[in-house]
Structure formats: structure tokens, C-alpha cells
Amino acid sequence: MEVNQAKQEHLLALKGLHMEISGKFPTFCNPKPNVYLMRLTKPTLFTNMPVTCEDRDLPGDLFGRLMKEDPSTIKGSEALMLGEMLTLPQNFGNIFLGETFSSYISVNNDSSQLVKDILVKADLQTSSQRLNLSASNNAVTELKPESCIDDVIHHEVKEIGTHILVCAVSYTTQAGEKLYFRKFFKFQVLKPLDVKTKFYNAETDEVFLEAQIQNITTSSMFMEKVSLEPSMMYNVAELNTVETEDEGTSTFGKMSYLQPMDTRQYLYCLKPKPEFAEKAGVIKGVTVIGKLDIVWKTNLGERGRLQTSQLQRMAPGYGDVRLSLEMIPDTVNLEEPFDITCKITNCSERTMDLVLEMCNTCSIHWCGVSGRQLGKVSPSASLALPLKLLSSVQGLQSISGLRLTDTFLKRTYEYDDIAQVCVVCPYMSRES
Amino acid sequence: MDNNETPAQRPVTLDITGTVEVKPSLSEAPISPEPSLLPSSDVHFQEESIDLGGESFITPEEDSHSTPSESLMDKLNDQMMESVMISDSPINSEEDDVVPMDNLLEQFEEREEEPAAAVVKETLVEEEKEEVGEKVDDLIGQDTTEIKIEAAMMQTSPVASSPEEPLENVKQKLTTVDQDVITVSVSAVTPEDSTPSSGSPKPEAAALEASSKETTSKDESIPVCTIFSQGSQPKAQALVPDGFQPTLIKSPSFSSGTGGSTEITPSQLAPLVCQPSPSLSKFFSDSGHVNPATDFFDSFTTSSFISISNPNAESPKSAAPPERQLSASSGSSLSTSGLTESGIPTPSSFIGPTQTEATPRPLQQAPVEPAPATAPQPFTQLQAVFSGGDDPFATALNMSEADKRYDAWLPSEETRKVLISMATQQYSQVFVERERLAMPGLKFDNLQGDAVKDLMVRLMGEQAAMKRQVLTANSVEQSFLGLKQLISTKNWRAAVDLTGRLLTAHGQGYGKAGQPSSHNTDSLQLWFVRLALLTKLSLFQNAEMELEPFGNLDQPDLYYEYYPTVYPGRRGSMVPFSMRVLHAELPQYLGKPQESLDRLHSMRTVCQTILDNLEQGLAEDGSMINLTQENRQASLQLWKSRLSRVMYAMANCLLMMKDYVLAVETYHSIIQYEPQQKVQLLSGIGRIFLQIGDIKTAEKYFLDVEKASLEKGSGTTDTCVLMNRAFIYLSQNNYSEAHSSFAEVLKIDPKNPVANNNAAVCLLYLGRLKESLRQLEGLVQQDPALYLHESVLFNLTTMYELESSRSTQKKQALLESVACREGDSFNTQCLKLV
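These protein sequences, in sequence, are chains A and B.
What the first sequence shows, in this note's numbering, is residues 268 to 699, in sequence order.
What the second sequence shows, in this note's numbering, is residues 19 to 852, in sequence order.
No lab work stands behind these hints, which were simulated from the structure alone.
A quick note: this is a predicted structure, and the numbers were derived from the prediction, not measured.
Accuracy of the hints is not assured; some may be wrong.
Taking lysine-lysine pairs in the DSS-like style, the calculated list, with each CA pair at most 25 Å apart, reads [claimed, not checked]:
1. A/K411 x B/K828
2. A/K492 x A/K465
3. B/K502 x A/K342
4. A/K342 x B/K828
5. B/K725 x A/K521
Covered stretches of chain B, as calculated for chain A (at least 3 residues, CB under 8 Å) [stated by the list, open to error]:
6. 474–487
7. 505–519
8. 549–563
9. 654–668
10. 697–705
11. 746–754
12. 780–786
Now the in silico label distances, taken between C-beta atoms and shown as ranges [unchecked claim]:
13. B/D472 x A/K411: 37 to 43 Å
14. B/Q830 x A/E514: 55 to 61 Å
15. B/V679 x A/R670: 53 to 59 Å
16. A/K463 x B/R434: 53 to 59 Å
17. A/K342 x B/E834: 27 to 33 Å
18. A/K463 x B/V679: 34 to 40 Å
Ideal placement from N, C-alpha and C gives every residue a C-beta, glycine not left out.
Work out the full structure: start from the sequences and follow the hints.
The structure is reproduced here in C-alpha cells:
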């Protein structure tokens with residue numbers, strides 16, 4: 268045992284894991300306390316295997332009686348597989364980022380002699396830091412034979428990769444010899460979730476965020492919370508429930524758990540706060556949208572929590588002049604003029620002098636004078652522009668043909684497919 | 019280690035960090051992660067692997083069965099895979115973002131409208147990067163400052179990455195709460211540790227050297243992480259590379275289909291195929307003695323049309339050379355002496371009576387049986403053995419309503435046709451294709467042995483093992499009575515042996531599968547018991563092999579109508595309903611839950627149809643026979659309970675498949691058939707939700723349980739309610755409250771084994787190992803009948819391992835108490851002695 272320990276330390280030092288070689292190797296004499304470690308994941312419920320028979324069968328009531336006598340069955344409904352008996356975790360299992368690593372540390376004096384001044388220190392060495400996890404740093408004055416020092420440590424895992432739990436025990440023998448030894452318990456922290464995001468820009472200032480969350484562990488996961496914490500610029504609406512009369516039902520059905528390798532899509536709608544939306548020019552380039560906060564639970568409430576890094580989004584490039592729609596009817600009558608209101612925003616850094624031209628397409632006919640002067644528009648300023656047009660063709664028609672020319676730079680901006688409108692024949696619709 | 023760094027080395031390490039930064043991005047490139055990386059980056063990977071600690075990358079699932087030379091490469095490969103993972107982590111996040119910048123440049127060039135600002139931004143990023151590089155140069159080896167650098171990188175990088183494709187999927191890096199930017203990229207820093215101090219600019223050779231050194235040292239006894247490390251470390255290492263030993267008992271619902279997980283069910287660990295041991299067939303063929311069990315069966319079922327096609331029915335005798343009779347004396351004395359020792363009538367004593375009973379059968383064509391060696395016993399004794407006797411005349415007369423009720427089954431259309439023609443052409447032979455008959459036979463005939471005794475011999479020597487006395491197939495009466503005795507004393511392995519003997523006597527012994535034989539009620543009951551016991555013993559593969567000749571249990575010769583002369587007037591299935599359930603449930607234990615579901619669904623359809631028939635005033639099989647009200651009620655009740663059994667099986671199967679939605683639905687639907695089980699079922703559903711982690715819904719169900727138990731009006735708080743409350747506390751990590759809830763249950767029901775065990779488990783989580791141990795030990799000593807259960811023993815041994823280096827001795831003490839009380843079916847794995 269001792270020899271091995273010496274080797275371990277030597278090896279680790281070789282590997283450059285930033286561990287100093289201990290000052291003193293444990294000597295080969297007894298007494299020596301021992302360190303035992305057990306990871307405390309949640310216990311599991313024992314499942315039994317129901318094998319039943321009927322009274323008329325050969326074993327008669329034998330099987331039934333055996334099952335009734337079995338302490339792990341549910342009395343009264345023995346055919347129910349999932350029992351109530353708790354069993355301790357039988358192996359280390361996997362540990363995932365965001366989960367809490369709990370462990371029982373038991374320091375036991377197996378020898379027949381008393382040892383004194385025992386100090387147990389549990390440190391967790393990650394690839395970046397070393398944390399002290401021991402509850403107390405006080406030495407225990409004496410440890411009698413067959414007795415032990417118990418400690419339960421907890422640590423929320425915040426790093427992926429190799430972790431090493433270092434248990435250092437220093438003590439004094441009855442002979443007054445000061446001794447010291449360490450034990451290392453190494454484990455890997457894995458990634459539990461795979462998160463992918465995608466942004467969709469609406470015609471308005473709204474942004475839709477689709478987040479695909481995949482469970483890449485080997486057990487099913489109950490998603491307790493998947494929320495988007497928006498940055499200060501946005502308000503968020505979660506679109507993952509369907510509102511019925513009084514309470515919303517999840518879009519994922521009755522059970523909100525994810526089987527291994529299952530992916531689920533969450534949708535969020537982000538609206539810029541009014542004070543930011545006013546200055547439309549402000550939201551451009553890269554903006555911070557917010558971050559996803561994910562809380563999940565597994566077996567008997569084993570909890571995990573993760574946050575993504577700040578999600579960033581490139582606002583769609585509007586060029587120098589942005590044309591957006593303030594108002595448009597969804598359905599209009601054939602060959603009847605209708606009104607739309609456009610909003611023209613100067614997104615550039617300079618003042619513009621704009622001229623509006625309206626070009627008819629085969630279906631859309633603009634009413635009014637083309638080549639109208641809109642006047643000067645300063646940076647980040649906008650102006651509302653009511654326009655009238657009619658359609659000569661039925662069906663879903665795309666509104667196109669607006670041209671803005673900046674007379675300062677002699678640059679023309681074209682706006683096609685600004686919006687769609689449904690054109691119906693009024694007589695037909697009246698009949699129906 | 020870091021302090022050993024000499025300033026001269028730094029430029030070298032800077033170079034390395036630079037390349038390392040670029041390389042993972044190559045592998046992460048969106049287009050195609052080519053395996054062919056730059057050779058230099060390959061080397062860096064190796065270096066990385068060294069620093070990240072060699073064997074650490076062998077996940078618990080991977081075993082160390084590769085030879086050292088192979089494992090070197092394997093390990094390196096593993097690490098290369100892993101390193102991609104690492105670059106996913108927040109640590110190296112800047113690397114993802116560096117690449118897009120190159121692409122960006124090109125893209126920007128193509129865009130007309132894009133102002134120069136973007137380019138400026140870009141160069142800014144690059145500048146920052148250089149700064150960072152300088153910082154690295156300065157601060158290399160100092161963890162804290164490096165974190166800052168990472169932070170800086172993080173802030174800059176998104177600017178570069180996101181403009182590229184704003185609508186593309188952006189893989190978000192996960193970081194934990196409170197820690198958006200973390201960790202030093204060890205990969206970047208560590209190469210310097212392994213580079214020789216000579217400061218050579220190309221560290222490849224050195225790195226290789228280091229890596230080989232590394233791997234060789236790996237092969238020596240290694241380090242670290244042995245959970246429950248025992249004295250002999252190298253040995254443990256050979257088995258368990260990472261020290262995380264996959265062991266034992268996990269509830270099947272958890273472990274099935276978990277793929278790479280380390281959880282292993284006892285069934286997976288258990289030897290699925292029986293150990294080679296003295297052959298059972300030797301019992302018949304080599305003893306030279308007339309098979310004592312052969313004549314156990316009255317063979318009147320060997321009616322004319324069957325015996326023609328069934329020459330092997332009597333084969334144990336016909337195959338034996340005639341001189342066996344002559345040489346029997348020595349062999350028989352051997353076996354009989356063994357039997358008489360245990361004070362049980364010699365098996366040969368049954369031969370006579372069966373002969374006498376066999377005489378009335380029509381057209382006996384079987385080879386003439388050799389005359390019994392010993393005098394026949396009184397007829398009455400045999401009658402006692404055949405409690406549910408199948409005397410054709412008796413059954414015809416006593417063909418009770420109960421029989422009809424229990425035997426009812428709906429055969430498939432094809433089978434039904436055969437059976438009808440059988441009934442109409444009673445005296446002429448009906449030709450049935452061989453393929454359509456059930457022709458079972460034993461698929462293995464070795465004796466099952468006693469694992470407890472084997473373990474005792476191994477650990478404590480023959481002397482101690484002598485104390486272990488269990489019943490074997492030899493030590494009981496060779497009859498149903500003996501069989502029941504073995505089952506009730508939990509000697510299921512011996513019981514399996516005995517069923518084998520009895521079935522061999524019936525002509526369905528080892529190697530008889532695929533050979534025509536006849537069935538009767540008793541043979542099918544024997545098969546049922548045998549298969550049920552195999553299932554209970556988790557010998558699923560054996561059970562499946564032996565069930566295979568039965569097909570879907572719908573062959574015509576499994577119905578009474580097929581034997582009009584033997585069972586005149588009797589109708590329905592010879593196969594007991596429980597055997598059908600077993601047949602349906604079996605595939606799920608062998609990783610084929612879908613097949614189980616299919617079978618269960620068709621069973622459910624039959625049950626439902628029979629119930630519908632009964633409710634419409636018809637007989638079970640839909641015929642117009644009038645049933646008395648009493649019989650109808652009895653039948654309705656029976657079939658409802660059967661339906662609920664099938665539903666239970668379905669729900670259990672769904673739970674195993676982790677299809678929790680359907681499982682919960684199915685459990686819920688059982689309430690309508692078994693209203694008296696409402697409390698248990700609702701609690702069970704609640705526990706399923708707890709298992710998933712959905713505590714809120716679980717609480718909802720537990721509230722329903724409370725209501726239901728109030729309705730029942732038990733007055734005092736039900737133990738069930740308290741138990742549920744404890745589970746909720748447990749799920750909230752509130753172990754002390756959970757413990758007191760379990761303690762409250764014990765106030766009401768001090769002998770409740772579940773509450774006792776669970777309270778002890780809570781104590782461990784509260785850091786009170788000694789108390790927990792004392793409690794469990796006390797329980798096992800005081801009431802071994804209740805607490806020598808594998809779950810309790812498993813908990814106890816786990817705590818022994820945590821508590822003391824003398825766990826093996828303590829476990830052996832447990833084994834001894836097991837040996838005194840438990841039968842040969844005890845699952846020794848829970849003692850974790852192997």
C-alpha cells in the first residue's frame with residue numbers, strides 16, 4: 268500500500284499536474300489510518316422481478332408466498348416492479364458538468380493502537396485550480412482503534428475534464444512520530460448537454476431564438492427549467508407552452524424529460540425594450556441577447572445546473588437606410604387602393620437627402636407621384652411614410668418597387684419584397 | 019514543477035501555444051473535420067495527452083485488455099478524441115473563434131458595402147491576440163494570471179466569430195453558473211513541462227520521448243483513483259483501469275439500454291449459461307439403473323395417433339441397451355442408497371403404480387417398458403402425488419366449470435381449424451405438420467449446483483463449506499411434492515434439476531427438442547415451473563432456449579381438443595396462463611422489450627375478448643353455452659385479474675424501456691381493475707416520477723395517495739403516506755427529514771424492513787456511517803428471515819467496504835449466516851466477495 272502511494276505521487280509529479288511531492292513518505296510501520304472514499308450519488312430504488320402463478324398451477328400459492336415474504340416487494344401489489352427499498356450507489360458512475368459531486372470520506376484506524384492529532388484534508392485539483400472541500404480544518408485529537416472520522420463533502424462541478432480528489436492525512440503515532448500520507452481519486456467530468464442556438468429575425472424588431480438542447484448523458488433527464496435570461500436590451504417571451512383556459516401546457520407533452528441523445532427545441536421571442544427600439548440605429552452589429560439557464564434533475568432529484576455563455580447575435584445588416592413597415596393590411600380587395608405606412612430609418616453615420624421613387628410591378632400599382640422629395644434625414648432619425656397602392660392580380664402579392672435615392676452620394680437603395688398582402692375579389696368573398 | 023521553468027524556454031513554449039491554438043480549430047472547422055492533421059499538431063496532441071494524465075482518459079467502460087504496445091497507440095488515439103471534447107469546453111473557447119476570422123477576411127473582401135470598420139475591428143482582435151500572446155510569454159506557468167488571459171480572449175472572440183454567419187448554428191459553449199470564463203487550457207501551457215530544458219525549438223522528439231516514458235510508467239502500478247482501494251493495487255489495476263469498478267445490482271429499469279454506462283445488472287453479471295457440472299442425463303443413462311422418475315408420469319396420453327409419430331417418447335428406456343437391466347444392481351444401489359439416506363421412498367417404488375394406471379389406455383404402441391426391479395408400492399401413494407390427477411375418466415366426469423374457466427383461451431384461426439377437424443374426425447388420424455407442433459426438450463442438463471457453497475469452498479476451504487447443507491434434487495421425493503419442497507425452501511436450482519428429471523421421464527429430456535412428444539397438463543406445469551425458476555434465477559438465456567420450441571404457445575397440440583381420447587370433452591389451453599405471461603415477459607430481460615410488448619398486447623386482446631364474451635352472456639370462448647350467474651361472476655373476476663396481470667407486465671416492461679409516459683399511463687389504467695391497489699399504484703407512479711427527477715409531479719401523485727388512504731379511512735396516517743413523504747425529502751436532499759419520516763414509519767410498524775433499511779441508508783448520507791452500520795447489522799442478526807435480502811446485504815457490504823480494511827472478513831461472516839439460512843438460489847453477488 269505504502270509503496271504504491273509513493274509511486275503514485277512520483278508519477279503524478281512526473282506528469283506535471285502541479286502537485287508538489289509530499290515532504291515525507293509514509294513509513295512502513297503501523298499504526299496507520301486508512302482513507303476510504305465513496306461517491307454519494309443518490310441511492311436507487313430496488314426493482315424486483317415479479318414471477319407469479321395462479322392457485323391452480325403446480326406451485327400453488329408458493330410463488331405468491333415467496334413474493335409476499337420478499338421484503339423488497341410492494342405489499343398488496345407484488346407485481347409492481349419498482350420497489351421502495353433504497354440501495355446505495357454501486358459504482359462511481361459518471362459525473363457531469365453542473366452536477367454536485369458528493370463524497371463520503373471515511374478515515375479509519377484499523378490498527379490496534381491509538382493515533383493522535385489527525386488532520387484530514389480533502390482538496391479537489393482541477394486543471395485550473397485547487398479547492399479545499401473539507402468541512403473543517405481542525406485536527407482530531409485522537410482516533411481510537413476501530414473508530415473513524417467521517418466527512419461528507421460536496422462540490423458543484425464547474426469544469427470539464429480530469430479532477431483529482433486529494434485526501435491528505437497527517438497524524439502522530441503513539442511513539443510521537445509525525446506521519447503524513449495522501450491518496451488520490453481521479454475522475455473525469457463530462458459534458459451533459461449539447462446546446463445549439465439559432466436566431467431568426469422577424470420583419471419587425473423581434474428576434475426569435477431557437478435553442479436545441481440535447482441530452483448527451485446516458486440517463487434520462489428531467490428538464491426542470493430552461494429559461495432565457497435576456498440582456499438589458501431585450502424583453503423575452505417564452506414560447507414553450509400552449510396557453511389554454513387557466514394554465515399553460517408544455518409543448519413537449521406530459522413529461523418533460525429527455526431520454527439519452529434526445530434533442531428538444533426551445534423557442535424564445537425577444538423584443539427590444541422600447542427605449543432601445545426607438546433608436547433603431549443602435550441595435551446593429553453584434554448584440555448580446557442573453558444566456559440560457561438550464562436546470563435538470565435525474566434519479567431521485569440529483570440536480571444539475573448550467574448556463575450558456577452570453578448568446579450573441581449579429582443584427583441583420585440594414586445597410587444605410589432601413590425601410591420597415593409600420594402598418595399594412597393583411598387582406599385587401601382587388602383593384603381597390605389600400606394604405607400602408609413605411610418607416611424609413613437612416614442607419615448610416617451621415618445625413619441623407621432622400622428621394623422616393625415608386626415603380627409598378629405587374630401586379631402592384633403605386634398611387635401618387637414618384638420622385639417625391641423626402642427631405643433630409645439625420646443619422647438614426649426616421650420618418651413615417653404613408654403610401655397608397657392597389658393590386659390588379661388576385662392572390663398573395665409581394666409589395667416591391669420602392670427606390671430611395673440619396674442625393675448627396677447619388678446612391679440608390681432598392682426595396683423589393685417588402686411585405687406580402689393577400690388580394691381577394693370582393694364579390695366572391697361576399698358570396699361565401 | 020512550474021518553478022523549474024527557465025526563462026530560456028519560454029519562446030519555445032510560446033510557439034507551441036500558438037500552434038495548439040490553431041490546431042483544434044482545424045478539427046472543429048465546420049466543413050469537414052479531417053483526421054489528417056498537420057504532423058506537428060499531432061505531436062502536440064501527444065504532448066497534451068501526457069499532461070492531461072495518461073490513463074485518465076480511459077473511461078470506466080473501457081477495459082485494459084489491450085497489450086501494452088497496443089495500448090500506447092490506443093491511449094493516444096483516445097486522447098485525440100478526447101481533446102476535441104476539451105476544446106468544446108469553455109477552456110479553449112477562443113480557438114473556435116480564431117478560425118472564422120480567416121474566413122471572415124475573405125468574406126469581407128467580397129462584400130462591397132461593408133465599411134472598413136469591420137476590418138479595423140478584426141485587426142484589433144488580432145492585436146489583442148498578440149497582446150495575449152505576450153502576456154502568456156510573461157506569465158507562463160502562473161495559473162491565476164492565465165485565467166485572466168482566457169477571459170480577455172473570450173471577450174474579444176465573439177466579435178470576430180459572430181459576424182461571419184449570424185444565422186448559422188452557433189455551438190454555444192457551456193459554462194457553469196458563476197463561472198463564465200474558467201480554466202487554463204492545460205494543453206497550451208503544459209508542453210513546456212515536457213520539453214527538455216535544452217530549449218530546442220522543435221520539441222517533437224522530446225515530446226515523443228516523454229510520451230513513451232509516460233506510457234511505460236503507466237504500465238506500472240498506477241495511481242490514484244481507486245475507490246475502495248484494497249491492499250493489492252496492481253491486481254486491482256489489471257481489472258479496473260480507472261478504479262471505478264462496475265459492480266452489481268442496479269435496478270433493471272435503470273441499466274437496460276444505457277449503452278456505455280458502467281451500470282450492470284445482476285443478470286448481466288450473473289453467469290447466464292449454467293456452469294458445466296455433472297450432467298443430468300448421466301443420472302439416467304450412466305447409472306445403469308432404471309430411471310426412477312421415468313415412470314412418474316402416467317403415459318396414458320400416448321394415445322394412438324401420437325405414438326405413431328412419437329417413437330421417442332419413451333426413449334430413455336428404449337435407447338438403453340437391454341443389459342442395463344442386468345447390470346443395474348450396482349448402479350441402483352448407489353443411487354438408492356443416496357436417497358434412502360435422506361429417508362425418502364426410493365424412486366423406483368413409483369414404477370409399479372404407473373404401470374397399472376397405464377394399462378387402460380387405448381392402443382398402446384409404446385415399446386414395452388422393462389419390468390420394475392422393485393416391488394410396486396401401494397396405489398394410494400401415487401394418488402397422493404397426483405393431487406390434480408389427470409385420469410381421463412375422472413376428468414371427463416369432473417370436467418368442472420372451474421376447468422373451463424381457467425383453461426379458456428382463444429387459439430389463432432389456423433390452430434382453431436386443426437382443433438375443429440380433430441374434434442370431428444375423432445377416430446381417424448388427422449395429419450398435422452411437424453412444424454406446427456410443439457416439440458420441447460431440455461436444452462441443458464447439467465446440475466445447477468450451489469453458488470453459496472462454491473464461494474465458501476473458495477474463501478474458507480472445504481472444512482467450513484461442509485457446514486453448508488441444502489436440499490438437492492436427490493434429497494427429496496421425485497415428485498411434485500419434492501418439487502414444492504425445494505421451491506419453498508428457496509432451493510430453486512435444485513428444483514430446476516428436479517424438473518429436468520421429471521421432464522426427461524416424460525420424454526422431453528435433453529436433446530429431445532424437435533422430436534415429437536405428447537403433452538399433458540402435468541408436463542406443461544413442469545415446464546412452467548422450470549421456466550419460472552430459471553427466470554427467477556436470472557438464467558434468462560436458458561429459459562429462452564427452452565421456450566423456443568413452444569413458439570408462440572399456440573400449437574394445436576397444446577390444446578386439450580387435440581387429445582380427444584385422453585381428455586374427452588375437455589376444451590381449452592393446456593398451457594397455464596402464468597406460463598403465457600412468463601413467455602411474454604421473458605424477452606424484455608434479454609434486451610428485446612419490444613417483443614415482450616407485442617406478446618403482451620396480443621395476450622391483452624385475448625383477455626379483453628374473453629371478458630367481452632362473458633359480458634355478452636356467452637361462454638369464455640364465445641360459444642353459446644349457458645353459464646350460471648355464479649360461474650359467470652367467478653369467470654369475470656378471474657379474467658379481470660388476469661387482464662390486470664398482463665397490464666402489470668406491460669407497465670413493468672415499459673418502465674424497463676424507460677418509456678415513462680406509457681408506463682405511467684398503463685399503471686394508472688390498472689387501478690380500474692384493481693381498485694384495492696390504488697394506493698400502491700399511485701405511490702408507484704409517484705416513485706417513477708421521482709426516478710425521472712420530476713419531483714413536482716411526484717408530489718401531486720403522493721397527494722392523491724394521501725386522499726385515497728383517507729378515503730379508505732384507516733384513521734391513522736398510513737405508513738405508505740409517510741414513506742412517500744420520506745422519498746420527497748430524499749429528493750430534496752433533505753436526508754435528516756427523510757430519516758425522521760422513515761423513523762416515523764417504524765413507530766407504526768417497527769418490523770418494516772423497507773423503512774429500516776432506508777433509514778440506515780439516510781444515516782450514511784448524513785455522515786453517520788457507524789450508526790448506519792450498527793442498525794443494519796443489528797437487523798440482519800435479529801431477523802435474518804427478513805433482512806438476508808440482497809438489497810440489504812448489498813448496502814451492508816458497501817458500507818463495510820467504506821468502513822474498514824477488514825471488510826472481507828465481515829463479508830465472509832455474512833456469507834456464513836447466509837449459508838445457514840438461504841437456499842441454493844441465493845444471489846451471492848450482493849456480498850461482493852468475488
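> Hints broken by the structure, by number, lowest first?
Replying inline: Hints 4, 6, 18 contradicted; others consistent.
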